[in-house]
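Visitor: Listed here are the chains, written in short residue letters.
Protein chains: 4
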Amino acid sequence: MHNDLLPSLGATINHTIKLRKHIVSPYDPRYRLWEKFLIVLVLYSAWICPFEFAFRRYLPSTIFLVDNIINSFFAIDIVLTFFVAFVDHKSYLLVDEPKRIAVRYLSTWFIFDACSTFPFQTISFFFNGHSKSLGFKLLSVLRLWRLHHVNSLFARLEKDIRFNYFWTRCTKLFSVTLFAVHCSGCFNYMIADRYPDPERTWIGAVIPNFMEHNLWVRYVTAIYWSITTLTTTGYGDLHAENTREMVFGICYMLFNLGLTSYLIGNMTNLVVHGTSHTKNFRDTIQAASEFASRNKLPKHMEEQMLSHICLRFKTEGLKQQETLDGLPKAIRSSIAEYLFFPIVQKVYLFQGFSFNLIFQLVTEMQAEYYPPKEDVILQNEAPAYLYIIVSGAVVKLLYYQNLQVHGRLTAGEIFGEIGVLCNMSQPFTIRTTELTQILRLNRTTLFNIIRQSRQDATIVMSNLFQVFN
Amino acid sequence: MHNDLLPSLGATINHTIKLRKHIVSPYDPRYRLWEKFLIVLVLYSAWICPFEFAFRRYLPSTIFLVDNIINSFFAIDIVLTFFVAFVDHKSYLLVDEPKRIAVRYLSTWFIFDACSTFPFQTISFFFNGHSKSLGFKLLSVLRLWRLHHVNSLFARLEKDIRFNYFWTRCTKLFSVTLFAVHCSGCFNYMIADRYPDPERTWIGAVIPNFMEHNLWVRYVTAIYWSITTLTTTGYGDLHAENTREMVFGICYMLFNLGLTSYLIGNMTNLVVHGTSHTKNFRDTIQAASEFASRNKLPKHMEEQMLSHICLRFKTEGLKQQETLDGLPKAIRSSIAEYLFFPIVQKVYLFQGFSFNLIFQLVTEMQAEYYPPKEDVILQNEAPAYLYIIVSGAVVKLLYYQNLQVHGRLTAGEIFGEIGVLCNMSQPFTIRTTELTQILRLNRTTLFNIIRQSRQDATIVMSNLFQVFN
Amino acid sequence: MHNDLLPSLGATINHTIKLRKHIVSPYDPRYRLWEKFLIVLVLYSAWICPFEFAFRRYLPSTIFLVDNIINSFFAIDIVLTFFVAFVDHKSYLLVDEPKRIAVRYLSTWFIFDACSTFPFQTISFFFNGHSKSLGFKLLSVLRLWRLHHVNSLFARLEKDIRFNYFWTRCTKLFSVTLFAVHCSGCFNYMIADRYPDPERTWIGAVIPNFMEHNLWVRYVTAIYWSITTLTTTGYGDLHAENTREMVFGICYMLFNLGLTSYLIGNMTNLVVHGTSHTKNFRDTIQAASEFASRNKLPKHMEEQMLSHICLRFKTEGLKQQETLDGLPKAIRSSIAEYLFFPIVQKVYLFQGFSFNLIFQLVTEMQAEYYPPKEDVILQNEAPAYLYIIVSGAVVKLLYYQNLQVHGRLTAGEIFGEIGVLCNMSQPFTIRTTELTQILRLNRTTLFNIIRQSRQDATIVMSNLFQVFN
Amino acid sequence: MHNDLLPSLGATINHTIKLRKHIVSPYDPRYRLWEKFLIVLVLYSAWICPFEFAFRRYLPSTIFLVDNIINSFFAIDIVLTFFVAFVDHKSYLLVDEPKRIAVRYLSTWFIFDACSTFPFQTISFFFNGHSKSLGFKLLSVLRLWRLHHVNSLFARLEKDIRFNYFWTRCTKLFSVTLFAVHCSGCFNYMIADRYPDPERTWIGAVIPNFMEHNLWVRYVTAIYWSITTLTTTGYGDLHAENTREMVFGICYMLFNLGLTSYLIGNMTNLVVHGTSHTKNFRDTIQAASEFASRNKLPKHMEEQMLSHICLRFKTEGLKQQETLDGLPKAIRSSIAEYLFFPIVQKVYLFQGFSFNLIFQLVTEMQAEYYPPKEDVILQNEAPAYLYIIVSGAVVKLLYYQNLQVHGRLTAGEIFGEIGVLCNMSQPFTIRTTELTQILRLNRTTLFNIIRQSRQDATIVMSNLFQVFN
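Protein chains in written order, with UniProt numbering: chain A, 1 to 469; chain B, 1 to 469; chain C, 1 to 469; chain D, 1 to 469.
Just so you know, the hints here were simulated from the structure itself, not pulled from any lab data. Please note that the accuracy of each hint is not assured.
Each pair may be met inside one copy or between any two copies, as identical chains are not told apart.
Using 25 Å as the maximum straight-line C-alpha spacing, the simulated PhoX-like pairs for lysine-lysine come out as follows [as the list claims (entries may be wrong)]: (1) K279 with K314; (2) K299 with K329; (3) K396 with K346; (4) K36 with K296; (5) K396 with K21; (6) K346 with K36; (7) K296 with K346; (8) K21 with K346; (9) K296 with K99; (10) K21 with K329; (11) K329 with K396; (12) K373 with K329.
Only chain A is shown next, with the shape it has when bound in the complex:
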């Protein structure tokens, strides 16, 4: 299971690889379709197998024909598997060598697949004429091995982000529950059906002549008993009447205890996972507003704090940064280049720079969102960053006796450059007017890059003075 972690994604590189003749890729859409078709057959098998086990003598014989047809499909799949490439778990590459494929299959699941497909029933029918003996019934239970197809389907779905994890997981658990209910219902019926004294069985005590009722009534009653026991409702209208049934009941209830715990455990897991984002948000907001109220911060400061935190959660700012930090430098650089190069290139300060230099600047920049009416720079603050507006708009404010607006900057413009380059405290307060995306460049990083050649430093300063003259 562990090794199967990523075929659904990430292995797309394998998809395009050309394989040998007559070897099918496991990512081939036609093979995928075939697998999906098999899943449908497996589901039918999973349902019919316990059902036949319990009710065979009341079933029409056409059902055996259907069984054999389905068996033949699985036989085809066994043959087909010898021609399907597989991903080697060491090199993570597709292996298309027929011999290695065969060795791997024969040494792992082949024997199980073969047993679960071998038509024991039909053969027994031809040989002795009576296929109802318990031995052959048990052999037909081998068909349940096919359920591993469903299991691996779910293992794949869980890792596929196109499907909601909560619902995938719930569907899986629901299927398992339904299957358990179906199996135990059928098995319990079989015990009653074979008991010498029909009156002293769980069903016979309530429906005395139950063997004469139609299949539907008996099946529903069996399932009803089964689910009443599984959910621990236990009305008691149907209950074990003899030792045989008690022993089965004991086993089933022990199993149920495990299953119910497992269901609850999974649900808890999903709930915890599902609400963690909201809880995180609440905790952060709560901490911020407690901080504000404890320190009696003025209203507008508290609002700036809360707006900023809200926006960060909305834009998943934290996760985004984490994602980028986990990537190697080259990927980060190419993303930064793709996203920000066109904007940074046009900034007046960097006119005349080589492609090289702008590229290096861009790779060191960090993008951030600011909500409306938030201060990005405060007047008199020590200069630490250079800012470039990607989208949105800001206003320059000068506090001199009273607060005056000194102009408005929009996408593609730069601010904070005077403080950084002239090494003086910021002359303006910069405040956003709408949702604004801003690139931030650390002062030290800027100097490190520019310092590489004297010429660039001159260009920057001349660009700066040109504007102010």
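Please build the complex by placing chains B, C and D on the supplied structure of chain A, with the hints as guidance.
Guide: Below, chains B, C and D without anything else, positioned relative to chain A:
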């Protein structure tokens, strides 16, 4: 849901925006009131709808009148929605363009709202005279669509820190449970009511002439069965008697399994969340006292450790720092300025500094609480920080043969400055006498700021020497 | 609750404070004893109150006398509370001003305490002669308010690390469960007892003449029904027979759903908390041995890795470091001085150093445990740290053609100093022979401290050369 | 328990230590075998003890013989324990001093072991001739003390990574459940068996002449009742009939509530632990693809991101780094030397370096995996690292008007060295062609190591130029 994350907070900036004429803001208090009024109607609908479904033929006709009145309110809401601005999920701004509002509503929920409001019953009554057919009953179930109002209310409440998360969540789960119990009780009664042989139904087997009893008895019995099954108590005094009821029971029990797991999962989540603070506290205290006892630390050191940890948890010191670290520099600076500027300004060491410089010093300071009798500085320690007392008091202790008190410092005074500025080990031990809030300034940061102009360095040193002469 | 976080610990500083005359400290051992005595009375009240509610008419009259005696103790407690100091939640200091104590008590719990202590029963008895009316019964339920004493006891115990969290929590949950079972059993009996037709009650249907049985049988039967319902076992031998009982059953089962979820949630929380250490250990060991086997590391390297990780978990090395990091520098320094000064002082390299300087060295040192046979330094490694042995022993190994032992170092000796001071790669491999505790000093830190005066550097080098000559 | 954390691993160093004569090591394989043999006897005791308690009078007398034989084995174990060394919890060393072993055993478990082994039954039989009195029965329950052997076995298994944690834990819980079911079933039978009126017992009400049925029927019925109650199914076909049984039922159900919660709590814990890896993977992938789609990154960039993240999870890259970071420097260095020295030694750039220097370079290198078709270096990027290929292959790409392949590098070759050494932006884009493992060396670290001697710097530069000429 995800996009709705923050309307309750943070979007307050939107609240003050002026909208077009005839367009209502979703944050308008009157609109909020209208929404709350609708919630009440929705709750009534949710209760009456399954009830009518089961007991219609025994209900007085006035109930239809009430239904129609309520329907008309929802019809008004549909019309109103065309005049309510909405928050665009990309720009996070309010959209008040009538056309865009209409397009958005028509393309999303309009059709559901319309269907759930359309008076199928009344119309059917006028047309055929008998509104009791199952088809029309099912159509009236469409009214349950209105529950999405309740759902979005809870989604909003969960994110609103004014409400306790535990109780909001519990109320939600309780409502869901009650609704499930109510629905299934009513539905199960309907099955019995419509069964050809009243004696062979779950209720008829216990109350033979149940149709002649009054509504209250029948409703309570139905709810009693329903909750007995939901909680998996399953006394068995009331239980399925025919296949139809069994099938419904199977479905209901399967649903219950999911619902119960979901309830437990949520409760676990809440308990884990609720106790995490205490557990954290216990673990930290335990680690500290184990450390103390393993190393046989003297009693007074252990007490200092524990006091400090306790205080940090009490004042949520850790969370506070985390909150501040998550904010952009400008907000942090303005908070620091607001909180600490007045105090730092009056410190003798910084007399003669420009506003600029003190502002920069303040933004780099960190506030901390110290419990009573804790050492802030030890004699002979290497100087690392400068400390300014915000509130509380400390004493200077000099250990020379024995421990002597050398003076007391209170709010607004500075200590540790001699060590930092003269680059010598601390001459005094400084110990708090009561709960003390202290600002801490890193030595390196201080020098970086002062170094900017030679003049400032001179001021600091002259201030320092003036005091000692 | 939140504000009560630490009285049990940390507030020990308050314990010694001298209070005004006639004012009792809440930490006074005698007051603590009185509180414990009250808890016993509260537990009796909690049990007797619902019991009287249900079975009053069968109880001997002496029970009322006991009630009144207990009441008088609570009356004393009310008076006493006016003389008990309290911890102010802002300043964390004890308040012993009688006026403030009175104001605080009167404005908070006084009214509840008074109502729960007022002897309504006795008064009603004197006035009308019959105290069995439902109204007065309900008033006597007010006594349950006293349970808040138990609640605050548990809140305190949970935060007290002398008591095991798991068992404290379990005891609390068990008590709550028992109380719920007791209350609902009694209440359900009362419903049956007052029902006009005793045959048509849950108990009368099974024990027709139940009123004539002795109290024990009736009480056990009631509790049996109650617990059968609470645990959702629901045998069905005792079940609601009339609408009144059904309504009570509905309420009780809804409450149970919540209680059961809460119990499971708490248990899950405790289990998760309890196993986290083992899980952590397993995960770390697993990661390390997978790493070793994937890279085919030789056996002795894998063993070194695993030994080291095991030891770190055994000595809680990680938690210890975390604990220290959370403390302010002064406490850390005084702990380091207390633990390591005597050892470092005796190291030959630092002979001739001032107290000052050794103190500064000590505060920068980190203590670590090494398991037997682990390499601390590898020959040819770049020098990064200086090591001082606190306990245990190491051997010097020199690999020159073959591995030769070059001496043995024990507690108080230093190694790695040649590499660090002469800036050359380490000449020896150092390997522990038993469990060894070692102090580590970073090279850069050492140089920073020594560099402060030229004299110290000379001392160090002369000490070094003296040994080698 | 806590102190037992690591005997299964890590303490292997103790295994080889030579002990005194006649003292057995607890790690001796023969002693381990003996312990395993005892576990089997314990399991038998645990089963037979409650069984005898309930059904003694129907059991053959041979069973007492078996009991005595088993008792004698435990007596041998008690004697043996005086000769088994133990691990001291302070020094973590084996203690083989007979006196300390005896003192430790006598002061801890000896008295319990002795009581649980003393043959009370046999003695009582000899004295009074009737061993069926309740008193002696209770004494024989002391044998259950032996279960602590099983408990410590599980505690050890849980920490042993050779066993799957999930299944170990499940087996433990399953055993506890089975034991609880068995005990309570037997005890409940005993209550019925001793009740004066056999008709008025839980079993007599259903099987009137139950004492005449064979043991199997009675045992199965008892277990059936027990498990029906434990799982809260509570059919009600078997239920308490008298007060005695009710009281036992109340206790058992209360215990069950705890046990069931504990089972669910454990299962939840296991599920959460088991799915955390998948959830982590999903969250990371989701964040990355949301980031890509929000910023409309081109397809090939998104694929590079996802491939990289997938590979990191596949190779557990994060955990590996964490594992290494937790180890002390010497172990890290020796691992690095073992793994990478042979490769780095052969790199052309370091030809002529001393062993010393290469060793230091190797210890600073970090290994990373890159998926196929990922860019490691981008053209024009600032040089930050030097890369050495351990396995796999990369191509050099030059973008000049169009993308041209400029050669291919395989295992043992170096790239990025021109940029780093000549301090210019990278001249080529380097892209992997298959799964590639690469060593990364930070530029600053490289310079720090080489700078140590002028000679080495010259060697590097001459090596570099030799290749380009």
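Visitor: Against each hint, give a clear statement of whether it holds in the structure.
Guide: Verification of the hints:
1. Both within a single protomer and between protomers do K279 and K314 lie at most 25 Å apart by alpha-carbon distance, with minima of 14 Å and 21 Å respectively.
2. For the identical chains of this complex, K299 and K329 are inter-copy neighbours only, at 19 Å across copies versus 42 Å inside a copy, given an alpha-carbon limit of 25 Å.
3. In this assembly of identical chains, K396 and K346 lie within 25 Å of each other by CA distance solely inside one copy; the values are 21 Å within and 31 Å between copies.
4. Taking the shortest Cα distances, K36 and K296 never come within 25 Å of each other, neither inside one copy (62 Å) nor across copies (32 Å).
5. Taking the closest pair of Cα atoms, K396 and K21 never come within 25 Å of each other, the shortest separation being 68 Å inside a single copy and 32 Å across copies.
6. Taking the shortest Cα distances, K346 and K36 never come within 25 Å of each other, neither inside one copy (53 Å) nor across copies (52 Å).
7. Proximity of K296 and K346 under a CA criterion of 25 Å is satisfied inter-copy only: 21 Å between copies versus 44 Å inside one chain copy.
8. In this assembly of identical chains, the alpha carbons of K21 and K346 never lie at most 25 Å apart, being 53 Å within a copy and 41 Å across copies at closest.
9. Taking CA atoms no more than 25 Å apart as the test, K296 paired with K99 passes in neither setting, with 76 Å inside one copy and 28 Å between copies.
10. When the C-alpha separation of K21 and K329 is checked against a cutoff of 25 Å, the pair qualifies neither within a copy, at 40 Å, nor between copies, at 52 Å.
11. In this assembly of identical chains, the alpha carbons of K329 and K396 lie at most 25 Å apart only when taken from different copies (17 Å versus 35 Å within one copy).
12. In the homo-oligomer, the alpha carbons of K373 and K329 lie at most 25 Å apart only across protomers (15 Å), although the nearest pairing inside one protomer, at 34 Å, exceeds that limit.
In this structure, the earlier hints numbered 4, 5, 6, 8, 9 and 10 are contradicted, and the remaining ones agree with it.
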